[in-house]
Amino acid sequence: MAVSHLTPQLTRGGLSRGRKSKNALMGVMIGLGTALVVAPLILIFGFLLIKGVGALNLDFFLKNPAPEGEAGGGWANAITGSLLILAMAAVLGVVVGVAGGIFLAEFPRHRLMPTIRMLSDVLSGIPAIVMGLVVYALVVKPMGHFSAMAGGIALGLLMVPIVVRTTEEVLKLVPLSVREAGLALGLPQWKVILSIVLPAASGGIITGLMLALARVAGEAAPLLFTAFGSNLVNLNPLQPTSALPLQIYIGATSAYDENQRLAQAGALLLITLIFVTSLLARFANRPRR
Amino acid sequence: MNETLPRKVKLPRLSSRGDGIFRTVIIGLSLIIALTFVLSIVLLGQQSWPAIQEFGLGFLTTNVWNPVTSEYGALSLVMGTLLTSFLALLISVPLAIASALFVAEYAPKWLANPVGYLVELLAAVPSVVYGLWALFALKPLFQQVQLWLYTSNPDLTGHCIELFNSNKTSLPCFFMPQVPTGLGFLLAVTILAIMILPFTASVARDVIRLVPADQREAMYALGATKWEVISLAILPYARAGIMGGVILALGRALGETLAVAMVIGNTPEIIKSIWSPTATMASMIANQFGDAREGLQRASVVGLGLTLFFVSVFVNLIARSIILRMTPKGL
Amino acid sequence: MTQLLTASNVDIYYGSKQAVKQVNLNVEKGSVNALIGPSGCGKTTFLRAINRMHDLTPGARVEGQILLDGQDIYSSGIDPVEVRRRVGMVFQKPNPFPTMSVFDNVVSGLKLAGMRDQRALMEIAERSLRGGALWDEVKDRLKSPATGLSGGQQQRLCIARALAVEPEILLMDEPTSALDPASTAKIEDLMTELKKVTTIIIVTHNMHQAARVSDTTSFFLNGDLVEHGQTDQIFTSPRDERTEAYVTGRFG
Chain A
1 MAVSHLTPQL
11 TRGGLSRGRK
21 SKNALMGVMI
31 GLGTALVVAP
41 LILIFGFLLI
51 KGVGALNLDF
61 FLKNPAPEGE
71 AGGGWANAIT
81 GSLLILAMAA
91 VLGVVVGVAG
101 GIFLAEFPRH
111 RLMPTIRMLS
121 DVLSGIPAIV
131 MGLVVYALVV
141 KPMGHFSAMA
151 GGIALGLLMV
161 PIVVRTTEEV
171 LKLVPLSVRE
181 AGLALGLPQW
191 KVILSIVLPA
201 ASGGIITGLM
211 LALARVAGEA
221 APLLFTAFGS
231 NLVNLNPLQP
241 TSALPLQIYI
251 GATSAYDENQ
261 RLAQAGALLL
271 ITLIFVTSLL
281 ARFANRPRR
Chain B
1 MNETLPRKVK
11 LPRLSSRGDG
21 IFRTVIIGLS
31 LIIALTFVLS
41 IVLLGQQSWP
51 AIQEFGLGFL
61 TTNVWNPVTS
71 EYGALSLVMG
81 TLLTSFLALL
91 ISVPLAIASA
101 LFVAEYAPKW
111 LANPVGYLVE
121 LLAAVPSVVY
131 GLWALFALKP
141 LFQQVQLWLY
151 TSNPDLTGHC
161 IELFNSNKTS
171 LPCFFMPQVP
181 TGLGFLLAVT
191 ILAIMILPFT
201 ASVARDVIRL
211 VPADQREAMY
221 ALGATKWEVI
231 SLAILPYARA
241 GIMGGVILAL
251 GRALGETLAV
261 AMVIGNTPEI
271 IKSIWSPTAT
281 MASMIANQFG
291 DAREGLQRAS
301 VVGLGLTLFF
311 VSVFVNLIAR
321 SIILRMTPKG
331 L
Chain C
1 MTQLLTASNV
11 DIYYGSKQAV
21 KQVNLNVEKG
31 SVNALIGPSG
41 CGKTTFLRAI
51 NRMHDLTPGA
61 RVEGQILLDG
71 QDIYSSGIDP
81 VEVRRRVGMV
91 FQKPNPFPTM
101 SVFDNVVSGL
111 KLAGMRDQRA
121 LMEIAERSLR
131 GGALWDEVKD
141 RLKSPATGLS
151 GGQQQRLCIA
161 RALAVEPEIL
171 LMDEPTSALD
181 PASTAKIEDL
191 MTELKKVTTI
201 IIVTHNMHQA
211 ARVSDTTSFF
221 LNGDLVEHGQ
231 TDQIFTSPRD
241 ERTEAYVTGR
251 FG
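Protein chains in written order, with this note's numbering: chain A, 1 to 289; chain B, 1 to 331; chain C, 1 to 252.
Think of the hints as simulated: they come from the structure by calculation, not from any bench. In this text, all values refer to a predicted model and were calculated from it rather than measured experimentally. C-beta: ideal position from N, C-alpha, C; glycine also. Honestly, I wouldn't trust all of these hints.
Stated by the list, open to error - Chain C is nowhere near these chain A residues, computed Cβ spacing over 10 Å in every case:
| no. | residue |
| --- | --- |
| 1 | Gly-18 |
| 2 | Thr-272 |
| 3 | Val-276 |
As the list claims (entries may be wrong) - Below, a list of computed lysine-lysine pairs in the DSSO-like style, where the Cα atoms sit at most 30 Å apart:
| no. | chain 1 | residue 1 | chain 2 | residue 2 |
| --- | --- | --- | --- | --- |
| 4 | A | Lys-22 | B | Lys-226 |
| 5 | B | Lys-109 | A | Lys-20 |
| 6 | B | Lys-139 | B | Lys-168 |
| 7 | A | Lys-20 | B | Lys-226 |
What the hints assert, rightly or not - Label pairs and their computed distance ranges (CB to CB):
| no. | chain 1 | residue 1 | chain 2 | residue 2 | range |
| --- | --- | --- | --- | --- | --- |
| 8 | B | Lys-109 | A | Arg-111 | 15 to 25 Å |
| 9 | C | Pro-58 | A | Phe-283 | 36 to 46 Å |
| 10 | C | Gly-114 | B | Tyr-106 | 37 to 47 Å |
| 11 | C | Pro-38 | B | Val-42 | 31 to 41 Å |
| 12 | A | Pro-142 | C | Arg-61 | 28 to 38 Å |
| 13 | A | Leu-176 | B | Ala-218 | 51 to 61 Å |
| 14 | C | Arg-61 | A | Arg-111 | 39 to 49 Å |
| 15 | A | Met-143 | C | Gly-114 | 13 to 23 Å |
| 16 | B | Leu-57 | A | Met-143 | 26 to 36 Å |
| 17 | A | Glu-68 | B | Leu-156 | 51 to 61 Å |
| 18 | B | Tyr-106 | A | Gln-239 | 49 to 59 Å |
| 19 | A | Leu-83 | B | Ile-318 | 46 to 56 Å |
| 20 | B | Val-38 | A | Val-276 | 32 to 42 Å |
| 21 | A | Leu-280 | C | Pro-38 | 14 to 24 Å |
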């Protein structure tokens, strides 16, 4: 960085009025810019709080949606559906994601390593809706109908690259000397990785999992052609199922006030859950003293 | 300690035989990642094959989307995707950099941390929630503005509607609303800009924090003001990294689906004004795949997905190479 | 005395670079053997060959023969895990397993190998911690995290952990270089005790330490084993002038 050629400009005649006011102006602009960045979050949360909190009653959690145009009803179908789909997604995301992270961190010389790392990175950028199309062709089409499982697979595949990345990063934070100590005790490598290295990294891995889960919990696009939606509570993985984000999409674009009202309540619930999960994940990952 | 240790313990026999199994399982599971990638191309390719055969590359360069005549060309959707994304970037990048500078350079710690958290939460807000908010909170505002533009210039409005109807536009008309519904291009751009803000902001913050202290101090020692330090030392140093963040955000914007689908108006036409209803590739998939008939229409919609897939792979590889190149060694 | 370990014509390479050249060394059972020499002389490289730690370093290659109790540890039928079970190691920096308690650390080599008998584990833990001269300091906090111990205590914990699997040989790679003088003295005292139960090979930068604790000393320089002999002889009447130069502090 060549700083020297700037010297004359900077030192000429002390701090000029122009430089001083420019400095102040840019400071104000940066402050304003930041305010503009955080404003939407506050506006969105405030809006949902005002509009949605009234509909978040017991019915909301216990009842299924009322028939179109009728008042009342709730989102029991979406809440249970989200739990079902996310549970399946989590299994896929954890198994493949953690395995992938272990592969990248513990077998860095394997000839497939660079390819897997690159593909994982690239997959993290694939739009969620495209993943929905892929899983439609992979699962829904052969099965002949939509299912919670298809939704779970779509969300799980979206989780994988996030989990891979965080797992790899935290595994690499475990010092090499800890691995060597385990091996020097005469433990096989798999024991050392599973029983010593992985537990040492578990805090970070769990944080990564929670963040990944929070991220896919809000995805509706990949569920459109996989889980599809249902107005009833469904706990069968092989049947179509609703989910919170899906129901929000349907409700928000519905012509009926009642559906819109419930959608705002659902959005408030979803966003609160996601915020709590994100903050908890961050908090849990603070280094302990 | 007079005790002697030797061979009191009966040890379970251990061997490294488990290592081979473990390695195989780990690699097998990791290969699912590669398999996902390959399957994506194969399945999307297979499903969109009829459209590829029928239209070839012309699919991306012709402007027609007509299920009645079974003609599909994605030009308006490609344009919609590119225009919304780039305009959203244009709006969000300066703001993102401002907030990154604020967090990294200006704010005291008690303020910097909460602002950092808020930016991260912004990244966690789901697309549908952005869409819902845009639909219920922003759309009425946009509609007000459109109505005001409509009614305050009746002559221009009439002129423009004629132009629009004959599929033309002019410079003044480019800022006149087409149909005063509130929905359309500008609302989509606005919500997209907000959505991608946190991605650029957090990458920018991280790279700005990586700027070595001596770069700053050297400038301060020359008597530079804070802004001069930022514009002459920090930003040039962090430029490549910020660029990486911008490209990641671009990837996000290109594939963003539901928030856009909810507010863009979903009309496969090239915009004639900043208010025009239009569509993006992703919003079109969301809207048409479910109802699309088997055959050419469905294949064309999947063709949009395949295009998006390759575009996002391409954009990601670029961002990756930029970030790899600028990451300091040993980090 | 019996020869527990015999190294003959050992060459070690990192890629094309040779780090250890034609080393021949005998180690007797129940002795403390010091490997000394300036940084980069190959002493640690040689030490790590004795429990096949190089298997994990890509590009590293060991040639020649290392016999443990008459058996070549590099012959094809030998499992490196088995070798490491018989040849334990203590490292430069204390490296207790971060998520485990003091107790779990000590018995980790047994517990993770599938030993479940709590009574036996407890006995072994006590014996090993006594062996590591740490029992009195930690007996009331066996269940607390190992990372809460001081650096010196952590290193003795690592010694106890290595002892718990009853290695025939204990390799120590500059075990006191990260410790304060008081902790160093404790570990040096410990080594003379440990001779009764195992055989020690220690790499050290500290010549006084080598002189104080070891029975035999080997001087390495640029990958060669320059001189090997009884510690007294090496320090008082070295045969090679390079050894003399080193032990009298003229270089290194």
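Now for the hints, and whether the structure bears them out:
1. Gly-18: holds (56 Å)
2. Thr-272: holds (32 Å)
3. Val-276: About 26 Å separates Val-276 (chain A) from the closest Cβ of chain C, which puts it past 10 Å; holds.
4. A:Lys-22 with B:Lys-226: Holds. Lys-22 (chain A) to Lys-226 (chain B) sits at ~10 Å (cutoff 30 Å).
5. B:Lys-109 with A:Lys-20: Holds, at roughly 25 Å.
6. B:Lys-139 with B:Lys-168: Between Lys-139 (chain B) and Lys-168 (chain B) the Cα gap is close to 25 Å, so the pair holds against 30 Å.
7. A:Lys-20 with B:Lys-226: Holds, because 10 Å separates the two Cα atoms, which is no more than 30 Å.
8. B:Lys-109 with A:Arg-111: 15 to 25 Å: The hint (15 to 25 Å, Cβ to Cβ) is violated, given that Lys-109 (chain B) and Arg-111 (chain A) are roughly 46 Å apart.
9. C:Pro-58 with A:Phe-283: 36 to 46 Å: holds (39 Å)
10. C:Gly-114 with B:Tyr-106: 37 to 47 Å: violated (58 Å)
11. C:Pro-38 with B:Val-42: 31 to 41 Å: Given range 31 to 41 Å: violated, Cβ gap about 60 Å.
12. A:Pro-142 with C:Arg-61: 28 to 38 Å: violated (50 Å)
13. A:Leu-176 with B:Ala-218: 51 to 61 Å: This hint is violated: roughly 36 Å between Cβ atoms.
14. C:Arg-61 with A:Arg-111: 39 to 49 Å: Given range 39 to 49 Å: violated, Cβ gap about 19 Å.
15. A:Met-143 with C:Gly-114: 13 to 23 Å: violated (42 Å)
16. B:Leu-57 with A:Met-143: 26 to 36 Å: About 33 Å separates the Cβ atoms of Leu-57 (chain B) and Met-143 (chain A), which means 26 to 36 Å holds.
17. A:Glu-68 with B:Leu-156: 51 to 61 Å: violated (41 Å)
18. B:Tyr-106 with A:Gln-239: 49 to 59 Å: For Gln-239 (chain A) against Tyr-106 (chain B), whose Cβ atoms are near 54 Å apart, the range 49 to 59 Å holds.
19. A:Leu-83 with B:Ile-318: 46 to 56 Å: violated (38 Å)
20. B:Val-38 with A:Val-276: 32 to 42 Å: holds (37 Å)
21. A:Leu-280 with C:Pro-38: 14 to 24 Å: violated (52 Å)
Checked against the numbered hints given earlier, the structure breaks hints 8, 10, 11, 12, 13, 14, 15, 17, 19 and 21 and satisfies all the rest.
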